[in-house]
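Model the full assembly from the supplied sequences, consistent with the hints where possible.
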Amino acid sequence: MSTDNTTQSAAPMRADGVRLAAGDAEVTVRPDLGCRLSSLRVGGLELLRQGDAYGSFPMVPWCGRIDHGRFRNGGALHQMPVNAAPHAIHGTGRDLRWRTARAGAREAVFTYRLTDPAAPWPYPGTVTQQVELAEDGGSLTLTLGVETIGDSFPAQVGWHPWFRRNLGDGGADVTVDFAAEWQEERGADHLPTGRRIPPKPGPWDDCFGMPQGVHVTLTWPGRLQLTVSSRAEWVVVYDEQAEAVCVEPQSGPPNGLNTLPHLVTPIDPLEVSTTWSWRTLS
Numbered sequence: 002m003s004t005d006n007t008t009q010s011a012a013p014m015r016a017d018g019v020r021l022a023a024g025d026a027e028v029t030v031r032p033d034l035g036c037r038l039s040s041l042r043v044g045g046l047e048l049l050r051q052g053d054a055y056g057s058f059p060m061v062p063w064c065g066r067i068d069h070g071r072f073r074n075g076g077a078l079h080q081m082p083v084n085a086a087p088h089a090i091h092g093t094g095r096d097l098r099w100r101t102a103r104a105g106a107r108e109a110v111f112t113y114r115l116t117d118p119a120a121p122w123p124y125p126g127t128v129t130q131q132v133e134l135a136e137d138g139g140s141l142t143l144t145l146g147v148e149t150i151g152d153s154f155p156a157q158v159g160w161h162p163w164f165r166r167n168l169g170d171g172g173a174d175v176t177v178d179f180a181a182e183w184q185e186e187r188g189a190d191h192l193p194t195g196r197r198i199p200p201k202p203g204p205w206d207d208c209f210g211m212p213q214g215v216h217v218t219l220t221w222p223g224r225l226q227l228t229v230s231s232r233a234e235w236v237v238v239y240d241e242q243a244e245a246v247c248v249e250p251q252s253g254p255p256n257g258l259n260t261l262p263h264l265v266t267p268i269d270p271l272e273v274s275t276t277w278s279w280r281t282l283s
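In the numbering used here, the protein residues as written are 2 to 283.
Cβ-Cβ distance ranges computed for the label pairs, FRET-style:
(1) D174 / S153: 37 to 47 Å
(2) E186 / G75: 24 to 34 Å
(3) T116 / D178: 36 to 46 Å
(4) D53 / D178: 21 to 31 Å
(5) D269 / D96: 18 to 28 Å
(6) P199 / H69: 22 to 32 Å
(7) G195 / P87: 16 to 26 Å
Since the hints were made in silico from the structure, they are not lab data. The structure displayed is predicted, hence computed values, not measured ones. In this text, a Cβ means the ideal position worked out from N, Cα and C, and glycines have one as well.
In structure tokens form, the structure reads like this:
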């Protein structure tokens with residue numbers, strides 16, 4: 002994934018973010034708001050819940066909750082800020098202003114340094130997010146990469162999209178369809194217990210294992226169908242909110258820095274992609 006400093010003039014650089022467009026799809030990225038997608042419009046329909054806390058944000062350098070905000074790397078114990086007491090949640094990247102490294106008409110690249118003083122991480126490194134619309138406007142691919150510029154460290158990446166439950170104009174609510182191999186049993190503290198159980202019916206705020214890759218379909222009857230896919234093997238589905246549902250592909254389960262760490266080394270960065278593809282039903 003390139004992180005060069007060139008900026009192509011084709012992408013509108015507006016006060017409210019970087020706008021990408023292809024076919025009948027438009028995406029707005031807010032590097033100043035944690036590099037979240039603040040808008041995804043397809044055929045004039047807004048698919049993401051609006052608001053500075055919503056849209057779709059990258060989860061990096063960890064996903065979901067860390068047990069009491071603490072994780073180990075070898076013999077070192079690190080404490081992350083507790084922002085969902087008693088745990089730390091969703092990484093630090095969503096709280097930072099990212100730098101626009103490159104922007105074109107339908108593709109842009111954004112970066113930040115892990116040791117940014119606004120939300121520090123104990124190890125130096127670089128995070129990159131690439132946002133790319135397909136040429137025909139029929140899909141969107143997001144790619145996150147984490148590289149170290151020093152010691153090795155555990156990390157996770159993922160995305161937390163807030164899809165609108167209802168697209169308005171009297172349409173029906175979205176349905177969510179997927180076939181997971183297992184569900185991570187969730188304890189009273191909202192962390193996985195370590196047991197894998199058969200998937201249960203919703204409502205969910207749960208992590209599921211999909212070892213062949215994430216594949217989840219959201220259908221707004223008569224309006225639009227969207228598929229979230231990724232080579233990542235875990236997905237969190239959250240549908241307990243009236244306004245939105247979340248389908249979150251990620252490289253490991255919640256608390257994974259402690260239970261299933263992926264080590265980022267100087268010769269082995271962490272890179273994961275997700276593709277959202279859609280088709281209209283009307």
